[in-house]
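Once you have looked at the hints, place chains H and W on chain D.
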Amino acid sequence: MLGKYLENVRKKSPLIHNITNYVTVNDVANILLAVGASPIMSDDPDDAVEITQICNGLNINIGTLNAHTIKGMFVSAEKSFELKHVNLLDPVGAGASKLRTDTAIKLMQKIKFDVIRGNSSEIKTLVLGAGTTHGVDADKADTVSDENLDFMVKFVKDFASSSGSIIALTGAIDLVADSQRCYVIRNGRPEMGKITGTGCQLSGLITAFIAAEKASPCAGRGTACGGGVNLLDATASGVCAMGLAGEIAFKNLKPDEGNSTYRNRIIDAIYNMTGKILDDGAKYEIR
Amino acid sequence: MLGKYLENVRKKSPLIHNITNYVTVNDVANILLAVGASPIMSDDPDDAVEITQICNGLNINIGTLNAHTIKGMFVSAEKSFELKHVNLLDPVGAGASKLRTDTAIKLMQKIKFDVIRGNSSEIKTLVLGAGTTHGVDADKADTVSDENLDFMVKFVKDFASSSGSIIALTGAIDLVADSQRCYVIRNGRPEMGKITGTGCQLSGLITAFIAAEKASPCAGRGTACGGGVNLLDATASGVCAMGLAGEIAFKNLKPDEGNSTYRNRIIDAIYNMTGKILDDGAKYEIR
Amino acid sequence: MLGKYLENVRKKSPLIHNITNYVTVNDVANILLAVGASPIMSDDPDDAVEITQICNGLNINIGTLNAHTIKGMFVSAEKSFELKHVNLLDPVGAGASKLRTDTAIKLMQKIKFDVIRGNSSEIKTLVLGAGTTHGVDADKADTVSDENLDFMVKFVKDFASSSGSIIALTGAIDLVADSQRCYVIRNGRPEMGKITGTGCQLSGLITAFIAAEKASPCAGRGTACGGGVNLLDATASGVCAMGLAGEIAFKNLKPDEGNSTYRNRIIDAIYNMTGKILDDGAKYEIR
Numbered sequence: 008m009l010g011k012y013l014e015n016v017r018k019k020s021p022l023i024h025n026i027t028n029y030v031t032v033n034d035v036a037n038i039l040l041a042v043g044a045s046p047i048m049s050d051d052p053d054d055a056v057e058i059t060q061i062c063n064g065l066n067i068n069i070g071t072l073n074a075h076t077i078k079g080m081f082v083s084a085e086k087s088f089e090l091k092h093v094n095l096l097d098p099v100g101a102g103a104s105k106l107r108t109d110t111a112i113k114l115m116q117k118i119k120f121d122v123i124r125g126n127s128s129e130i131k132t133l134v135l136g137a138g139t140t141h142g143v144d145a146d147k148a149d150t151v152s153d154e155n156l157d158f159m160v161k162f163v164k165d166f167a168s169s170s171g172s173i174i175a176l177t178g179a180i181d182l183v184a185d186s187q188r189c190y191v192i193r194n195g196r197p198e199m200g201k202i203t204g205t206g207c208q209l210s211g212l213i214t215a216f217i218a219a220e221k222a223s224p225c226a227g228r229g230t231a232c233g234g235g236v237n238l239l240d241a242t243a244s245g246v247c248a249m250g251l252a253g254e255i256a257f258k259n260l261k262p263d264e265g266n267s268t269y270r271n272r273i274i275d276a277i278y279n280m281t282g283k284i285l286d287d288g289a290k291y292e293i294r
Numbered sequence: 008m009l010g011k012y013l014e015n016v017r018k019k020s021p022l023i024h025n026i027t028n029y030v031t032v033n034d035v036a037n038i039l040l041a042v043g044a045s046p047i048m049s050d051d052p053d054d055a056v057e058i059t060q061i062c063n064g065l066n067i068n069i070g071t072l073n074a075h076t077i078k079g080m081f082v083s084a085e086k087s088f089e090l091k092h093v094n095l096l097d098p099v100g101a102g103a104s105k106l107r108t109d110t111a112i113k114l115m116q117k118i119k120f121d122v123i124r125g126n127s128s129e130i131k132t133l134v135l136g137a138g139t140t141h142g143v144d145a146d147k148a149d150t151v152s153d154e155n156l157d158f159m160v161k162f163v164k165d166f167a168s169s170s171g172s173i174i175a176l177t178g179a180i181d182l183v184a185d186s187q188r189c190y191v192i193r194n195g196r197p198e199m200g201k202i203t204g205t206g207c208q209l210s211g212l213i214t215a216f217i218a219a220e221k222a223s224p225c226a227g228r229g230t231a232c233g234g235g236v237n238l239l240d241a242t243a244s245g246v247c248a249m250g251l252a253g254e255i256a257f258k259n260l261k262p263d264e265g266n267s268t269y270r271n272r273i274i275d276a277i278y279n280m281t282g283k284i285l286d287d288g289a290k291y292e293i294r
Numbered sequence: 008m009l010g011k012y013l014e015n016v017r018k019k020s021p022l023i024h025n026i027t028n029y030v031t032v033n034d035v036a037n038i039l040l041a042v043g044a045s046p047i048m049s050d051d052p053d054d055a056v057e058i059t060q061i062c063n064g065l066n067i068n069i070g071t072l073n074a075h076t077i078k079g080m081f082v083s084a085e086k087s088f089e090l091k092h093v094n095l096l097d098p099v100g101a102g103a104s105k106l107r108t109d110t111a112i113k114l115m116q117k118i119k120f121d122v123i124r125g126n127s128s129e130i131k132t133l134v135l136g137a138g139t140t141h142g143v144d145a146d147k148a149d150t151v152s153d154e155n156l157d158f159m160v161k162f163v164k165d166f167a168s169s170s171g172s173i174i175a176l177t178g179a180i181d182l183v184a185d186s187q188r189c190y191v192i193r194n195g196r197p198e199m200g201k202i203t204g205t206g207c208q209l210s211g212l213i214t215a216f217i218a219a220e221k222a223s224p225c226a227g228r229g230t231a232c233g234g235g236v237n238l239l240d241a242t243a244s245g246v247c248a249m250g251l252a253g254e255i256a257f258k259n260l261k262p263d264e265g266n267s268t269y270r271n272r273i274i275d276a277i278y279n280m281t282g283k284i285l286d287d288g289a290k291y292e293i294r
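Taken in order, these protein sequences are the chains called D, H and W. Throughout, the numbering used here is defined as the position within the first sequence, counted from one, plus 7. Throughout, the numbering used here is defined as the position within the second sequence, counted from one, plus 7. Throughout, the numbering used here is defined as the position within the third sequence, counted from one, plus 7.
I should point out that these hints are in silico values taken from the structure, not numbers from a laboratory. Please note that a few of the clues may not be correct.
In this list, chains with the same sequence are indistinguishable; a pair is considered to hold if it fits within one copy or across any two.
[Claimed, not checked] List of simulated lysine to any residue pairs, SDA-like, C-alpha gap at most 20 Å:
1. Lys119 - Asp146
2. Lys161 - Ile293
3. Lys117 - Gly282
4. Lys18 - Lys201
5. Lys117 - Ser168
6. Lys161 - Asp286
7. Lys78 - Lys105
Only a predicted model underlies this, so the values are computations on that prediction, with no experimental measurement involved.
The shape of chain D in the complex, shown without the other chains (with noise of 0.2 Å):
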């Protein structure tokens, strides 16, 4: 029943605000038009604080943070959480550097974030403060599987618990969790790792599902329009969007093509994916 976050999102066309990195920012704006948000990328503290009060979400990305841009975080950041905009943090590349994960720390010192999204090095990074984490890729000692899946569970909850946030955990099997719930999705493809930004692409459109749910909580969960916010189902609606495109992309790839194209393909499945598509495709349980 996860589609109808996914037609919430085009019935209200969240506008939101992304403070992101250089190398995959075009993919993001085009990923959110697609799910039938509006995009808007301003980072010079100057900027960012008025362009933030216009907007539904910000989306936060470190991935090219420098000293000029993380004042823009801050300053956005602030200004969001006052005016109960919903807010994402995720902590690209947390782990690799400690002008990231200080700065992913110091944000989540700043606000409560609504979800932070990241792979599995960079929320261990988070919760213990230094990871192994491998450039901008998660480690592969740090996955979730069968094998440490009741581990991972309480992992998340756990950092959901003593964070407030939604943690968006996303691998092979994808983990969103507040302290009482777990989703554990099952969609994607593993050769999604072979293109850049679907991370970040993720992250700006879980930012657009819990905007418009935020705006319009009647999309919640089996509340007719009584009901209170429901930014967990939200969230995992994203999460298993995006993995379905990536399988529904995966089918159309013809046989001389490769990651380049499976990037557009993604995108486009997005633009044509509806409640229905979403609701037959989505593939998790609850823990």
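Just chains H and W now, kept in the frame of chain D:
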């Protein structure tokens, strides 16, 4: 008879200096190459002045401006204007923040741009000093339609007159005007709004069209190599080319394709466009 | 017998630190993933030194340099060289501005790069101190042709000798030389010049090829696991792979496709390339 301006770009291969945003910059570079121009990007004040000297035209886009690149914009604009190169301003997000609005207006005070290209909200902001820009997209209330067409034609002619620039206000209906004549252009597809940066790409294209026209005025209006430079018609030609590329690309889209592939197909359509194709497909009237 | 170097990249999966321009950075990341390497981008001085430590090679590209990223280039180059990682310099636009020429030359004074890759105008600028660079493209007068081939082979060997670096001068004919041997490579398609960043992508690729070779010298020339590191052959292998990908992608192009789709198909061709495909398709002689 706008096709000859396209052919002139392919013949002159102008070198275009772009100070543009990091979101859509790659597509701007590729569409400039597609039309036969050469792109170069440089925004550092210590680099940009020298780069602009070896170029034929300057395209300033404030989509992800910051304190450092704003300096680069001003020194480049001044040098480019002094050298009598063509200059275009794309005031992305004017109206969405004070920094954007102020930067655009101060740039207009510093030099006379040959062309200012923006959506209806951005152009209204430049005229009225404040706008209702919905992020980087036009507010619906500002859209040009058949209902307000007479008013809007007068509006852009008046702004062309007061600014001394050709105004290209683009949207569902595109208006390209100097103080006397206004092209009303009906090429394009609404789906182009679902791709990030079609406006930025168009600004790059127009800069190439007017740079080629200035370099070789023989391409001008019915003047058999004796006439003057005709930047208005060259601008209108660029706007028609982009819209027509959107139409051609849309026809080439396959059922499972979406906005990301559409982006590629639009640039591809520019790559394959001839003067004849443009002459046959351009849809405009002059008021 | 260059195919084994490609296979070695897929086997070693080197992590490549790129300080590169924001125009073509996404394509650089995707082609590195296509060949089996891992990209990471970082240009802030406070981040880049630490990032370079966890990597296997450093690719410095000055395409959109600024005061802040230039600092990042210097501190990273110094650290990477100290750690005996492989280092490549792509002097984009050297000759087009003093800042670009000076930065490239000062970087060469600071460390000995394993490879310097540029077009003919950029390489001539590094040797002669001033050039005739047409923006970021080579000036026609500088092009390598069958007429000036003997002269140019000697020219690059001499520069390899004086600089201590392998020189990869790429264009219609590619030359890859150390002081003793020069590969004359005839892979590629002229249409590759209509895509932004094929040179930047090649620089990323070469960095991965030489990083893998340095990590696992057994891939070296006919040495049955006992030989030394062979960075010249590894560089030539990367150059052949890129040119061959351009040929394969061109064959796969459909009538209405142009430079944007061609870009994707080239990266796709690298993604699908095997050592055997490269061995069968590489066109070179050694002088």
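Hint-by-hint comparison with the structure:
1. Taking the shortest alpha-carbon separations for Lys119 and Asp146, neither the intra-copy value of 27 Å nor the inter-copy value of 32 Å comes in at or below 20 Å.
2. For the homomeric pair Lys161 and Ile293, the shortest alpha-carbon distance inside one copy (13 Å) is at most 20 Å, but the shortest distance between copies (60 Å) is not.
3. In this assembly of identical chains, Lys117 and Gly282 lie within 20 Å of each other by CA distance neither inside one copy nor across copies; the values are 36 Å within and 51 Å between.
4. Taking the shortest Cα distances, Lys18 and Lys201 sit within 20 Å of each other only across copies (15 Å), while inside one copy they are farther apart (32 Å).
5. Proximity of Lys117 and Ser168 under a CA criterion of 20 Å is satisfied intra-copy only: 17 Å inside one chain copy versus 50 Å between copies.
6. In this assembly of identical chains, the alpha carbons of Lys161 and Asp286 never lie at most 20 Å apart, being 26 Å within a copy and 50 Å across copies at closest.
7. Taking identical chains as interchangeable, the C-alpha atoms of Lys78 and Lys105 lie at most 20 Å apart whether they share a chain (17 Å) or sit on different chains (18 Å).
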